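Enquirer: Residue-level listing of the chains:
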Amino acid sequence: MTKSLLHPSGSKRDRADVCIIGAGPSGAIAATRLAEEGLDVVVLEQGDWPDYSKARGAHADFEINSGADWAWNPNTRRLPADYPINGSDADIDVVLYNGVGGGTVIYAAQWHRNAPSDFCVRTLDGVADDWPLGYDDLRPYYERVERAFGISGLAGDPAFPAGDGPPLPPVPLGDIGRRVAAAHNTLGWHWWPGSNAIATRPYGPLKPCVQRGTCLWGCADGAKGSADRTHWPHAIELGVRLVTGARVRQIALNARGLAEGAVWIDREGQEHITRADVVILAANGIGTPRLLLLSATHGHPDGLANSSGLVGRRLMLHPFGVVTGVFSDDLHSTQGPWGQHIHCLQFYETDARRGFVRGAKWGLQPTGGPVNATRGWPWGENNLVWGPHFHRDVRARLGHSAMWGIVAEDLPEESNRVELDPTLTDSNGIPAPRIRYRVNENSTRLMDFHIARARESLEAAGAYKTMVAPQIRETGWHQLGTAKMGTDPATSVVDPWGRTHDVPNLYVFDGSTWPTSSGMNPTATIAAMSLRCTERLLAQRHEQKVPA
Amino acid sequence: MTFLDDAARAHLGALADLLIPEDGDMPSASGAGVAGPGVDAVLAARPDLVEPLRIALALAAEMDPPRALATLRTEHPAAFTALGEIAAGGYFLQADIQRRIGYRGRAALPIDTAPVDAELLGPVLARGAIWRADPRGAQ
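Chains as they are written, first to last, in the working numbering: chain W, 1 to 548; chain V, 1001 to 1139.
This is chain W alone, in the form it adopts within the complex (with noise of 0.2 Å):
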């Protein structure tokens, strides 16, 4: 019997309860929350299932041959469900994945909750904006996602505030992880187990982690918390029904103002349409904004739920750099979970005395096999190995290396936006995305300090050569800010339960609601955050406003 949001007596009606834009993490748990609770959920996913069997982390061309269908750029991998991405005008380019799972199928699994601090910068350190909620609501979620995701990592880390830690053990330290903590203990710096939605025991749908370093290319093995492991297959057995392939082009709105459900294109090129009582965006801080734009009607000239002018605007993708360091010892540094060995947050927080405001979280990690070795990732443009030295080169670097790769906090400007092009369009005609994003003086102070500190770091763990890749350019996974969260309508877009100021029945459950970026890798928010959405979403159902 279906539970609808206004018909509890449960009568089957020509519309779900709830239709919901992407099959990511935030989608599939807020799919999966609210069929626990009876209702009547449709997903909208324009890709397909990830498949694994063509994943080539056991395959011994892996290094030349990571299989097109994991690529993480969509302009590159081109799979039928990707839309082009025009970054012509962007310092970074966007990165993502279009498929059941979203972008933890390719995620590297690093596991972060924000800081406090990550939720108060206006505050603490009078920039940008604070979040209209804290640490300490956000806490009972972090927990449940956790053990949802089967996190693996280790409580009590002095970085945050003492509390329940994840369910399983952390992975192993490794040779360079050890060697890097000593290191940071005689420099009185901080280094933690790393955490990481990585199972390190059975867990549930995974297996443990056979330390193939392939997380950021389809986890073949079975041992990475991806959603469509971790929560579709629960999902699909309460009565959500998924529907993949298809490419949503517009949220319908009717004469009142709320949103009739979603306008989608199947496979063979037919428009349908999902009337819901509730429509929920989890389509991340690209594809949300998309469509919201591409949502413009007489009423909403400039887009759905954009009164504000903010949909698209305030774009954060946290600019990346990388310092590596080689060792005389072996340290077997060519494999392992990746993920992270160990993280570094000694200068996460603000010191004025650096002059920039906010931090970076480091993820110590291996750095593969001879062909990685020739790369400029990790290894930046300026370090190849080719000509005279070449085979001397390779060997040293060869399980002989470590890397730090460093989040940087960008802070939001809303010249950093998202738009759509006015030519590039998808394969159903569609309007692609077009960003603009440059890395601001803050964060390029910061990154250059960063990378200055994780030097050190190295060199005091051993390296007698550290390289950097300061910034490079294919690593915007973190979208987020895209349509803004706040109290005041006039200066947001969604409230603080990602219900859209302009439209009751209009929702975002991604990570295009962030004020402000942190300098972690954001799952763990995004996924804490839609949970706690979807609650508040159940616990007032009975006043939504529905469109029949």
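If you are wondering where the hints come from, they were derived from the structure by calculation, not from laboratory data.
Among the hints, a few may not be true.
[Claimed, not checked] Here are the computed lysine to aspartate or glutamate pairs in the DMTMM-like style, where the Cα-Cα straight-line distance is at most 20 Å:
hint : chain 1 : residue 1 : chain 2 : residue 2
1    : W       : 545       : W       : 495
2    : W       : 465       : W       : 535
3    : W       : 545       : W       : 89
4    : W       : 207       : V       : 1112
5    : W       : 545       : W       : 535
6    : W       : 54        : V       : 1048
[As the list claims (entries may be wrong)] For each label pair, taking beta carbons as the anchor points, the in silico distance ranges come out as:
hint : chain 1 : residue 1 : chain 2 : residue 2 : range
7    : V       : 1100      : W       : 452       : 34 to 44 Å
8    : V       : 1051      : W       : 268       : 51 to 61 Å
9    : W       : 239       : V       : 1051      : 18 to 28 Å
10   : W       : 188       : V       : 1025      : 38 to 48 Å
11   : V       : 1096      : W       : 448       : 24 to 34 Å
12   : V       : 1125      : W       : 268       : 55 to 65 Å
13   : W       : 59        : V       : 1112      : 22 to 32 Å
14   : V       : 1135      : W       : 268       : 15 to 25 Å
[As the list claims (entries may be wrong)] From chain V, some residues computed to sit far from chain W (all C-beta separations above 10 Å):
hint : residue
15   : 1037
16   : 1051
17   : 1075
18   : 1096
19   : 1113
20   : 1117
Note that the structure is predicted; figures quoted are calculated from it, not measured.
Glycine included, every Cβ here is placed at the ideal spot set by N, Cα and C.
Given chain W, put chain V in place with the hints provided.
Expert: Showing chain V alone in chain W's frame:
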């Protein structure tokens, strides 16, 4: 690859040898077959590298290999990167080359979940909390 005739393979070998020269017991790129079975295997797996390779080979047909490589690097960086992928991929995918450098691929390694060394963690804990509280209190 039909466009890879003998002349094209010779040009590729010359370029690749500048990237991966012979050194002691390690053969050069061409000596290891990068311009033969190596490039065929890489392009079969990575068809996206075909077009940038055409750019590299067109330059190599017009000028001597060092100049072609320098021009490629400065004027066609994406094609230069692709040439590197072909050279390194065609070279290191070979079992004999992997054996010589002691590389065994990405093996499945059981994960160790032994407790983290308390002595190593001790100094981190001893320094205490490093996070800043939210002065707004509960929201």
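Enquirer: For every hint, state whether the structure bears it out.
Expert: Do the hints match the structure? See the list:
1. 545/W with 495/W: Within the cut-off at roughly 15 Å; holds.
2. 465/W with 535/W: violated (51 Å)
3. 545/W with 89/W: Violated. Residue 545/W to residue 89/W sits at ~40 Å, over the 20 Å cutoff.
4. 207/W with 1112/V: Within the cut-off at roughly 14 Å; holds.
5. 545/W with 535/W: At roughly 17 Å apart (the allowed maximum being 20 Å), residue 535/W and residue 545/W satisfy the hint.
6. 54/W with 1048/V: Cα-Cα ~17 Å, so holds.
7. 1100/V with 452/W: 34 to 44 Å: 37 Å Cβ-Cβ, so the 34 to 44 Å window holds.
8. 1051/V with 268/W: 51 to 61 Å: Check failed, 31 Å falls outside 51 to 61 Å.
9. 239/W with 1051/V: 18 to 28 Å: With Cβ atoms ~48 Å apart, the hint is violated.
10. 188/W with 1025/V: 38 to 48 Å: With Cβ atoms ~45 Å apart, the hint holds.
11. 1096/V with 448/W: 24 to 34 Å: violated (44 Å)
12. 1125/V with 268/W: 55 to 65 Å: holds (60 Å)
13. 59/W with 1112/V: 22 to 32 Å: The hinted range 22 to 32 Å holds for residue 59/W and residue 1112/V, with Cβ atoms some 25 Å apart.
14. 1135/V with 268/W: 15 to 25 Å: violated (56 Å)
15. 1037: Consistent with the label, residue 1037/V stays out of reach of chain W, its closest Cβ about 13 Å off (over 10 Å).
16. 1051: It holds; residue 1051/V is separated from chain W by about 13 Å at its closest Cβ, greater than 10 Å.
17. 1075: holds (15 Å)
18. 1096: holds (13 Å)
19. 1113: violated (4 Å)
20. 1117: Given that some Cβ of chain W is not farther than 10 Å from that of residue 1117/V, nearest at about 8 Å, it is violated.
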